[in-house]
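Asks: Take a look at the letters that make up each chain.
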Amino acid sequence: NAGVTQTPKFRILKIGQSMTLQCAQDMNHNYMYWYRQDPGMGLKLIYYSVGAGITDKGEVPNGYNVSRSTTEDFPLRLELAAPSQTSVYFCASSGGALSYEQYFGPGTRLTVT
Amino acid sequence: DQQVKQNSPSLSVQEGRISILNCDYTNSMFDYFLWYKKYPAEGPTFLISISSIKDKNEDGRFTVFLNKSAKHLSLHIVPSQPGDSAVYFCAAKTQGGSEKLVFGKGTKLTVNP
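As given, the protein sequences belong to chains A and B, one line each in that order.
Quick note: the first sequence, position 102, residue 119 per the working numbering, numbers continuous.
Quick note: the second sequence, position 41, residue 315 per the working numbering, numbers continuous.
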């Protein structure tokens, strides 16, 4: 089991560019999440999904979009990148059904200049 | 409005001694609490959890205590080892339906040999 994988590990974007952060899990988890972590801060939820075809906003969704066409994949799209989106992005998954532990990927470090 | 607070940004202890990491919360609807450990350049990993119906949960060197009346939980690590040096995040889940977690800002633990 690879668990939760994320690509790329690092990326530098220019202001106004767009990109997609990839996330995949092989644990057959229904629930998936995207977080961002800014320096000295905790994890803030961007978007989450409770199953294929179902997504919802978290605490800080502005500037991002997601889709969930399969159970395994949960890509995060950044449109018109801004310096405020410089952060480390973590994808996570959980089994749901009273299993609350979330399993995290290694993260993507994004810099917008 | 921070619902989960970790008021100590850092903690330093000697190897072999006890480490106590604290977490306070404000939302009385939280019914499940988790501790995560994070090494640099890695994603958080689940450490230990506790349901609000319990006041203690133990797993090897790690024990979590929950004081519902004080809205306070703590993580005890005994004995502390240099490999425990990491950032520790407290997280909480709201009662009913949603699997979303709210994270604190983290406490950086350094265990000195």
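Check before you lean on any hint, since a few could be wrong.
[What the hints assert, rightly or not] From chain B, some residues computed to sit far from chain A (all C-beta separations above 10 Å):
hint	residue
1	N281
2	S282
3	P318
4	S323
5	D329
6	D333
[To be verified] Quick look at which bits of chain A chain B covers, simulated, 3 or more residues with Cβ under 8 Å:
hint	stretch
7	65-76
8	103-113
9	117-124
Keep in mind the hints are simulated off the structure, nothing from the lab.
Where is the CB? At the ideal position from N, CA and C, for every residue including glycine.
Asks: Please check whether the beta-carbon of S282 (chain B) is more than 10 Å away from every beta-carbon in chain A.
Replies: holds (13 Å)
Asks: Are 3 or more residues of the stretch 65-76 of chain A near chain B, judged by a Cβ distance of less than 8 Å?
Replies: holds (count 3)
Asks: Taking the shortest Cβ-to-Cβ distance between D329 (chain B) and chain A, state whether it exceeds 10 Å.
Replies: holds (18 Å)
Asks: Taking a Cβ-to-Cβ distance below 8 Å as contact, does the stretch 103-113 of chain A have at least three residues touching chain B?
Replies: Our answer is that it holds, as 4 residues pass the Cβ test (under 8 Å) against chain B, meeting three.
Asks: Does S323 (chain B) really sit off the interface, with its C-beta more than 10 Å from all C-beta atoms of chain A?
Replies: violated (7 Å)
Asks: Beyond 10 Å from every chain A Cβ: check whether that's true for N281 (chain B).
Replies: holds (13 Å)
Asks: Compute the least Cβ-Cβ separation between D333 (chain B) and chain A, then decide whether it is above 10 Å.
Replies: holds (12 Å)
Asks: So is the stretch 117-124 of chain A in contact with chain B by the C-beta rule, three or more residues under 8 Å, or is the coverage claim wrong?
Replies: Coverage by chain B holds for the stretch 117-124 of chain A (8 residues, Cβ < 8 Å).
Asks: For P318 (chain B), is the shortest beta carbon distance to chain A beyond 10 Å?
Replies: Given a closest Cβ separation of 5 Å, the condition is violated.
Taken one by one, the earlier hints fail for this structure at numbers 3 and 4, listed in ascending order.
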